[in-house]
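Q: Single-letter residue listing:
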Amino acid sequence: MIAAFHRAAAVLALAVLPAACANFSALSPGDSAQDVEARVGAPGAVWKNADGSEVWEYPQGFYAVQTFMVAFDPKHAVREVRQVLNEAYFSRIQPGMSREDVRRLIGKPREIWYYPARDEETWTWRYYDINYKFFNVLFDRSGGTVRTTLRLDEVLLPNGDRGRH
Amino acid sequence: MNTTFSRAVLLLFHVLLFTAGCASFSAINPGASAQQVEALVGAPANVWKNADGSEVWEYPRGPLGVETYMVSLGSDRAVREVRQVLSDEYISKLHVGMSRDEVRRLLGRPRDIGFSGSNDEEIWSWRYREWGTRNMELYVQFDRPTGALKKISRFQIDASDGKRQ
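Chains as they are written, first to last, in this note's numbering: chain A, 1 to 165; chain B, 1 to 165.
Everything labelled a hint here was simulated from the structure, so no lab data went into it.
Pair ranges (Cβ atoms, derived): (1) B:P63 to A:R82: 34 to 40 Å; (2) A:K48 to B:T133: 47 to 53 Å; (3) A:I93 to B:W48: 39 to 45 Å; (4) A:E80 to B:D101: 49 to 55 Å; (5) A:Y128 to B:L106: 31 to 37 Å; (6) B:W48 to A:E100: 45 to 51 Å; (7) B:N119 to A:A64: 15 to 21 Å; (8) A:E100 to B:D52: 55 to 61 Å; (9) A:R82 to B:R134: 31 to 37 Å; (10) A:T124 to B:L106: 22 to 28 Å; (11) B:T133 to A:N49: 45 to 51 Å; (12) B:T133 to A:Y128: 22 to 28 Å.
Cut-off 27 Å, straight-line C-alpha distance, at most; resulting in silico cross-link-like pairs (DSS-like, lysine-lysine): (13) A:K48 to A:K108; (14) A:K108 to B:K151; (15) A:K108 to B:K150; (16) B:K150 to B:K93; (17) A:K75 to A:K108.
Because the structure is a prediction, the values reported are computed rather than measured. Using N, Cα and C, we set each Cβ at its ideal position, and we do this for glycine too.
Kindly produce the complete structure, drawing on both the sequences and the hints.
A: So, in C-alpha cells, the structure goes:
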C-alpha cells in the first residue's frame with residue numbers, strides 16, 4: 001500500500017519536473033516552430049527580421065538567471081538556441097545602442113529603474129557567474145541610448161536575505 | 001622665474017584643492033563649539049533639530065564621495081560625537097517599515113533617488129566602502145503610497161566595470 005503510494009508520488013514528481021523547468025537542451029536545429037511550442041511553450045516575445053527569420057525570447061522569470069533565445073530561419077526551422085545572460089552577450093553591449101538593440105540581444109530585464117536627476121534609466125538582469133550577479137545597462141533616458149554597463153555582485157545580508165529579491 | 005612662479009602657484013593650488021576636498025572630520029574633537037566645526041568642515045548640508053535642543057549636522061560627501069558624516073551637538077552647542085554613517089554598523093540598522101525620514105536621519109542624503117517603472121517604488125541609493133576597500137552600492141526601496149521601507153539591497157561593484165567610479 002505504502003509502496004504503491006511512493007510509486008504514485010514518483011510518477012507525479014516525474015510529471016511535474018519537466019513542466020517546472022522547460023527543457024531547452026531538448027531543442028535541436030531543424031525543429032519546427034510547433035515542436036518548440038510543444039516542448040517549451042509560447043515565447044515571451046517574438047522578434048521578426050526582414051528576411052522572414054525570427055527570434056523567440058524566453059525569459060525564465062524574475063528570480064531566474066537564464067533567458068533563452070530560439071532563432072528560426074526564414075522557413076521556421078530552429079537555427080540555434082542560446083542562453084544569453086552571460087558575459088559573451090553582455091560584452092557586446094556598447095555605448096550608443098538603443099533599447100531595442102539591448103532587448104533583442106539579452107531579452108526582457110527583470111526590473112527597470114529610472115533616476116530623474118541623471119536622466120538615467122537602468123535595466124537589470126540577474127545572472128550567475130561564480131556568484132549570483134546583476135548586470136545593469138544604464139541608458140540616457142531621453143536619448144534612449146546606452147551610456148554604460150555595470151555589474152554588481154549580490155551580497156548575502158546577515159539576516160539571510162539576498163541582496164536583491 | 002616665470003616657470004618657478006607658475007610651479008609654485010600650481011603647488012599651492014593642489015594643496016588648497018586637497019585640503020578643500022577632504023575636510024578633516026577627524027580634527028573635530030568632542031567639546032568643540034559649533035563655530036569650530038564650521039571653521040573646520042564648513043556648513044552642513046542639513047541640520048536635524050531635536051526637542052531637547054541638541055542637533056545633528058549632516059555632511060554627505062557624495063555623490064562622488066563614499067562617506068557621510070554626522071556631527072552631534074548637545075543643547076550647549078558643543079560637539080558630542082562625530083560619526084561616519086556609511087558603514088556596516090549603521091546600514092545594518094535599516095529595517096523594513098522605516099520611513100524616509102528615519103532613513104534620512106540614519107544615513108543622510110542619498111547619492112541618488114530613482115523610481116521603479118512598474119511597482120510604484122522610490123529607490124534611494126548610496127555608494128560606500130566596506131572594510132576600506134570593497135566598493136559597495138546600497139539600494140533602499142520605499143513603497144511610494146505608504147512611504148515605508150520595503151527592501152534593502154547591497155551589492156559589491158564588480159571590478160570589471162571599475163571605470164564607472
